[in-house]
Amino acid sequence: MIYTALFSALLFYIFPTLVGRTIYRVGEKLIQRKQTGPNESKNLSLPFISYFILGSFTIYAALLVSYFAFPNADFKQVMQFTLGIIAFIALPANLIFQIYDLSLKKYILPITISIVSGIIAYLVWQINSPYSFNWDLYEHQTLVNNIFQGRFGPITSQITDTFGFNGYTTFFHSLIAGSQSLFNLNPLEYWSVISLIHFIIVIFSSFLLAKVVTNSKPVATFAAVTTALIFDSNMSFSTLFLIPQTFTAVVFILLFSQLLTSIKKSSITPFWLVMVGIVFLLLNHFIVGLVAVGIYLFTYLYFRFPKILKDKDKKPYMFGSILALELVAIFASSFISLDSLNKGEAESFNLNLVDKFNTMKQVYGYLLALLPLGIYATLKKRDEMQNIFLFIAAGLLIIVLLNLPYVLKFFVIERYFIQIILSIGFFEIFRRITFAPLRYLGYFATILVFFLIFVINSSIWKGGLLYHNTLSHMSSYEENAGRFLKERYSENTLIISDPATQHALEPISLLNTQGSAYMSEDTRKKLIAVNNADSTEEVTEILRTIEDNLAQKPQKRLFVLSGRYFEWQKSPEKNKLSLAYNIWAPSDLSYENIHRVYDFIGDKDNFKVIFANPSMYIFEVNN
Amino acid sequence: MLRTKRMKKIIRNILFFVILIVILIITLFGLSIAKNTLVSPVGLMQIASFDNGISLFQNDRGTFYAFSPFNDYYVENGDRTSLISFDEIEGKKYKNNLEKSKFEQLSEMFKSYFRLDTPSLSYFASTNSFYDTQIIGNKLTITKKVSGIESNVENIQAFTLPFNSNDFVFDSNSNLYTYIPDRQLHLFELIYEKTLTPQLDELEIIVPSKTLYIYNTQMAGLITINASNSQTIKINRNAKLIEIEENISPNKGIYTQQLQIAILDNPKKI
Numbered sequence: 001m002i003y004t005a006l007f008s009a010l011l012f013y014i015f016p017t018l019v020g021r022t023i024y025r026v027g028e029k030l031i032q033r034k035q036t037g038p039n040e041s042k043n044l045s046l047p048f049i050s051y052f053i054l055g056s057f058t059i060y061a062a063l064l065v066s067y068f069a070f071p072n073a074d075f076k077q078v079m080q081f082t083l084g085i086i087a088f089i090a091l092p093a094n095l096i097f098q099i100y101d102l103s104l105k106k107y108i109l110p111i112t113i114s115i116v117s118g119i120i121a122y123l124v125w126q127i128n129s130p131y132s133f134n135w136d137l138y139e140h141q142t143l144v145n146n147i148f149q150g151r152f153g154p155i156t157s158q159i160t161d162t163f164g165f166n167g168y169t170t171f172f173h174s175l176i177a178g179s180q181s182l183f184n185l186n187p188l189e190y191w192s193v194i195s196l197i198h199f200i201i202v203i204f205s206s207f208l209l210a211k212v213v214t215n216s217k218p219v220a221t222f223a224a225v226t227t228a229l230i231f232d233s234n235m236s237f238s239t240l241f242l243i244p245q246t247f248t249a250v251v252f253i254l255l256f257s258q259l260l261t262s263i264k265k266s267s268i269t270p271f272w273l274v275m276v277g278i279v280f281l282l283l284n285h286f287i288v289g290l291v292a293v294g295i296y297l298f299t300y301l302y303f304r305f306p307k308i309l310k311d312k313d314k315k316p317y318m319f320g321s322i323l324a325l326e327l328v329a330i331f332a333s334s335f336i337s338l339d340s341l342n343k344g345e346a347e348s349f350n351l352n353l354v355d356k357f358n359t360m361k362q363v364y365g366y367l368l369a370l371l372p373l374g375i376y377a378t379l380k381k382r383d384e385m386q387n388i389f390l391f392i393a394a395g396l397l398i399i400v401l402l403n404l405p406y407v408l409k410f411f412v413i414e415r416y417f418i419q420i421i422l423s424i425g426f427f428e429i430f431r432r433i434t435f436a437p438l439r440y441l442g443y444f445a446t447i448l449v450f451f452l453i454f455v456i457n458s459s460i461w462k463g464g465l466l467y468h469n470t471l472s473h474m475s476s477y478e479e480n481a482g483r484f485l486k487e488r489y490s491e492n493t494l495i496i497s498d499p500a501t502q503h504a505l506e507p508i509s510l511l512n513t514q515g516s517a518y519m520s521e522d523t524r525k526k527l528i529a530v531n532n533a534d535s536t537e538e539v540t541e542i543l544r545t546i547e548d549n550l551a552q553k554p555q556k557r558l559f560v561l562s563g564r565y566f567e568w569q570k571s572p573e574k575n576k577l578s579l580a581y582n583i584w585a586p587s588d589l590s591y592e593n594i595h596r597v598y599d600f601i602g603d604k605d606n607f608k609v610i611f612a613n614p615s616m617y618i619f620e621v622n623n
Numbered sequence: 001m002l003r004t005k006r007m008k009k010i011i012r013n014i015l016f017f018v019i020l021i022v023i024l025i026i027t028l029f030g031l032s033i034a035k036n037t038l039v040s041p042v043g044l045m046q047i048a049s050f051d052n053g054i055s056l057f058q059n060d061r062g063t064f065y066a067f068s069p070f071n072d073y074y075v076e077n078g079d080r081t082s083l084i085s086f087d088e089i090e091g092k093k094y095k096n097n098l099e100k101s102k103f104e105q106l107s108e109m110f111k112s113y114f115r116l117d118t119p120s121l122s123y124f125a126s127t128n129s130f131y132d133t134q135i136i137g138n139k140l141t142i143t144k145k146v147s148g149i150e151s152n153v154e155n156i157q158a159f160t161l162p163f164n165s166n167d168f169v170f171d172s173n174s175n176l177y178t179y180i181p182d183r184q185l186h187l188f189e190l191i192y193e194k195t196l197t198p199q200l201d202e203l204e205i206i207v208p209s210k211t212l213y214i215y216n217t218q219m220a221g222l223i224t225i226n227a228s229n230s231q232t233i234k235i236n237r238n239a240k241l242i243e244i245e246e247n248i249s250p251n252k253g254i255y256t257q258q259l260q261i262a263i264l265d266n267p268k269k270i
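Each protein sequence line maps, in turn, to chains Y and C.
Position one of the first sequence corresponds to residue 1 (the working numbering), numbered consecutively onward.
Position one of the second sequence corresponds to residue 1 (the working numbering), numbered consecutively onward.
Treat the hints with care, as some may be off.
Just the calculated beta-carbon pair ranges, DEER-fashion [said to hold, decoys possible]:
| hint | chain 1 | residue 1 | chain 2 | residue 2 | range |
| --- | --- | --- | --- | --- | --- |
| 1 | Y | Val116 | C | Val22 | 28 to 38 Å |
| 2 | Y | Phe81 | C | Lys194 | 52 to 62 Å |
| 3 | C | Thr141 | Y | Met235 | 38 to 48 Å |
| 4 | Y | Leu550 | C | Pro181 | 38 to 48 Å |
| 5 | C | Lys252 | Y | Ile601 | 57 to 67 Å |
| 6 | C | Asp87 | Y | Glu573 | 43 to 53 Å |
Going by beta-carbon spacing under 8 Å, a handful of chain Y positions derived as facing chain C [said to hold, decoys possible]:
| hint | residue |
| --- | --- |
| 7 | Ile127 |
| 8 | Leu367 |
| 9 | Ile429 |
| 10 | Leu438 |
| 11 | Gly463 |
| 12 | Ser590 |
Simulated crosslink set (DMTMM-like; lysine to aspartate or glutamate; CA at most 25 Å straight-line) [said to hold, decoys possible]:
| hint | chain 1 | residue 1 | chain 2 | residue 2 |
| --- | --- | --- | --- | --- |
| 13 | Y | Lys526 | Y | Glu491 |
| 14 | Y | Lys570 | C | Asp60 |
| 15 | C | Lys268 | C | Asp60 |
| 16 | C | Lys269 | Y | Asp599 |
| 17 | Y | Lys608 | C | Glu189 |
| 18 | Y | Lys576 | Y | Glu620 |
| 19 | Y | Lys217 | Y | Asp383 |
| 20 | Y | Lys361 | C | Glu104 |
| 21 | C | Lys145 | C | Glu246 |
| 22 | Y | Lys576 | Y | Glu537 |
| 23 | Y | Lys570 | C | Asp265 |
| 24 | C | Lys268 | C | Asp182 |
| 25 | C | Lys111 | C | Asp132 |
| 26 | Y | Lys604 | C | Glu189 |
| 27 | C | Lys102 | C | Asp51 |
| 28 | Y | Lys608 | C | Glu193 |
| 29 | C | Lys269 | Y | Glu567 |
| 30 | C | Lys194 | Y | Asp603 |
| 31 | C | Lys240 | Y | Glu592 |
| 32 | C | Lys194 | C | Asp182 |
| 33 | Y | Lys604 | C | Glu193 |
Worth flagging that the hints you see were computed from the coordinates, not collected in a lab.
Cβ atoms here follow ideal geometry from the backbone N, Cα and C, with glycine treated the same way.
Taking the hints into account, I'd like the entire structure generated from these sequences.
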């Protein structure tokens with residue numbers, strides 16, 4: 001089974017890349033293009049990222065078209081058919097273009113470093129953990145399942161009410177669905193494997209960016225290895241979780257590296273490819289994509305039209321003014337009332353400067369104290385590209401520090417910049433240790449400290465996830481319950497439980513819930529009323545009023561009384577109404593919980609037990 | 001001249017190496033450390049060291065079962081003495097080893113992450129006591145070493161474990177040693193297919209079996225005490241204590257006692 005998951009996860013990246021490569025190469029051959037700008041590239045730098053983006057667009061567009069073309073067909077079959085046709089054309093074409101002309105030789109070192117450090121760090125991360133720690137995978141898999149069930153379109157909230165906020169389109173999910181559609185696989189295994197592949201790609205892209213910026217293999221290698229060991233454990237989660245924001249960030253870093261490489265070669269990425277990249281970034285995450293596009297476009301225009309900034313004397317003033325303006329914004333944001341922005345879920349993610357300092361301290365220890373050394377070493381070189389790199393890093397860092405909700409998410413991009421400046425700082429010290437054995441000892445000691453930080457940071461992040469000798473968000477009891485429901489119940493069935501139980505069961509059972517972990521306030525209040533009800537008849541009445549906004553009037557309602565459900569019900573009301581609060585670890589039923597369960601078992605008119613294990617009882621509610 | 005140049009180079013190398021190491025050490029001080037650095041899983045429960053003993057608990061469910069010298073005792077010539085006396089507790093005339101340096105905490109956390117170590121705890125008072133744990137899956141062995149008992153002769157050493165009044169405390173013969181209302185008893189029978197017989201005539205009872213179960217109604221998991229042939233289990237309902245007594249001879253002034261515990265998923269697993 002794991003081989004199927006591995007193959008499918010690899011397909012997520014490889015299939016679009018091969019399709020994109022065909023399109024690009026066919027276009028190059030058939031259309032006799034004239035160069036429209038100065039030194040527009042014929043030999044594309046880091047071509048695979050453009051291939052991937054082009055191929056992704058093709059697949060997404062083809063799926064959208066086939067969805068509207070065959071509205072009544074089984075969409076999973078339509079999907080397989082569409083992807084089959086694309087594969088039939090693209091794969092033989094790739095053979096013709098000779099896959100090995102990618103000149104893989106120069107990538108052997110970064111690929112090897114990325115795979116080795118990625119696998120080691122990932123194994124340490126996943127130690128004693130049977131499932132991926134990516135809490136968001138459950139909602140993304142839910143959306144993928146909905147696509148398989150024929151609910152497709154670009155807007156996430158119109159497919160499932162698990163997504164109340166449209167932060168991105170279904171682009172990312174359609175690629176996941178595409179790679180899962182060929183096999184009958186275990187989605188949890190799939191996500192474990194694809195998280196590792198994503199992690200390796202993050203390390204690889206860190207190497208590429210560091211290499212193009214610093215032109216130094218040792219610095220790039222150091223940046224790559226330490227990237228594996230720095231886990232930004234609050235809100236941005238760049239490395240270990242594959243989610244739209246981290247996917248957008250890593251694609252941006254590859255696009256940015258491609259742009260800088262082509263600039264170094266005195267050629268510029270074709271404008272149409274830049275535009276395709278921009279649309280891709282925006283569709284995959286509106287907010288992170290917007291920042292990425294800002295940086296990408298700024299860098300592109302700066303080097304594409306150098307005459308705009310011809311007067312060298314004015315440059316420092318211009319860049320200085322932008323940074324000063326941002327600094328003023330930091331202080332202003334502390335004084336201006338931003339209550340309207342910081343309401344609801346955002347309230348939980350609105351960290352002040354002290355919180356952010358503590359977050360950074362947790363992720364890096366005091367390593368960031370080396371940043372000034374890295375900045376000094378960079379400025380000393382008086383290299384225009386490095387200065388622009390620093391400017392972007394500083395500008396983005398200031399935005400991250402603003403007193404606004406969610407801005408810490410931008411660290412998903414910033415962390416690549418920080419990692420490289422930090423590596424430059426370290427190498428300012430390393431290069432002064434000329435006695436080789438001592439220098440290697442220095443490398444070893446540094447990596448060891450990074451490793452220790454990684455372990456401590458991971459350990460704190462996982463605090464409270466202990467369950468049955470493992471660390472996990474999910475249990476085998478929940479997985480088994482989900483499979484049972486998948487076999488027994490049809491789509492038009494609504495699962496009702498606490499947010500975390502719904503979140504765990506929905507993607508495995510393929511059944512619907514109201515909002516999953518992002519349950520509406522109205523449903524939360526109804527569940528609170530369930531807990532305060534005097535009789536099981538009253539509970540039945542309340543449960544009958546719970547509906548999904550997108551799939552109303554379910555044929556059946558299933559009420560799940562799990563260990564998590566009872567723990568959630570014991571929590572303060574403020575927590576129960578909060579989207580940021582969940583019972584994160586699985587929990588088995590206590591005697592007291594089962595005592596309560598027996599009240600429902602006793603009401604045979606309204607509740608029928610359909611499943612039970614030490615973690616939960618599932619009842620079919622008389623509709 | 002050459003030698004001076006070489007000397008300078010060596011000093012420069014050493015200087016920057018030392019700077020690097022100092023930076024790395026300072027870096028570690030920036031890390032936040034969890035309050036309980038060493039928490040080990042034992043089946044459905046966890047064990048960690050706290051001020052009031054080395055305790056079994058379950059995530060945030062808020063109940064702790066502590067082994068500690070505040071209740072543990074020894075008996076000599078019929079006199080029962082707590083390892084830390086009431087006066088010492090009142091006057092806080094005791095110390096433990098929970099205060100740790102940053103680097104000790106880091107080391108513990110690192111070992112805990114890879115499960116290379118399990119919790120231990122020392123108390124220093126008129127008698128010194130050291131509790132250590134070994135864990136294999138859902139099985140826990142607690143070893144207690146007591147020193148500072150002046151007589152240095154064979155005596156009775158006892159582990160204790162407090163229980164709550166609404167816990168199901170029963171033995172392998174299905175004798176129940178806590179008062180549980182009939183309705184709950186009936187439900188227990190229904191769920192776990194086990195009939196328990198209340199034995200509530202006396203406040204202090206010697207358990208006729210070597211296995212005793214403690215089932216907290218608010219937690220999942222069942223604490224099972226597996227006494228050895230040389231150990232006697234007593235229920236002290238007055239003090240709500242389970243006492244596991246054993247005759248122990250000192251070895252170089254140290255009394256060593258061991259207790260085997262297992263955490264089962266629920267009473268059905270008995």
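(request) Any hints from earlier that this structure breaks? Give me their numbers in increasing order, please. (result) Per hint list: zero violations.
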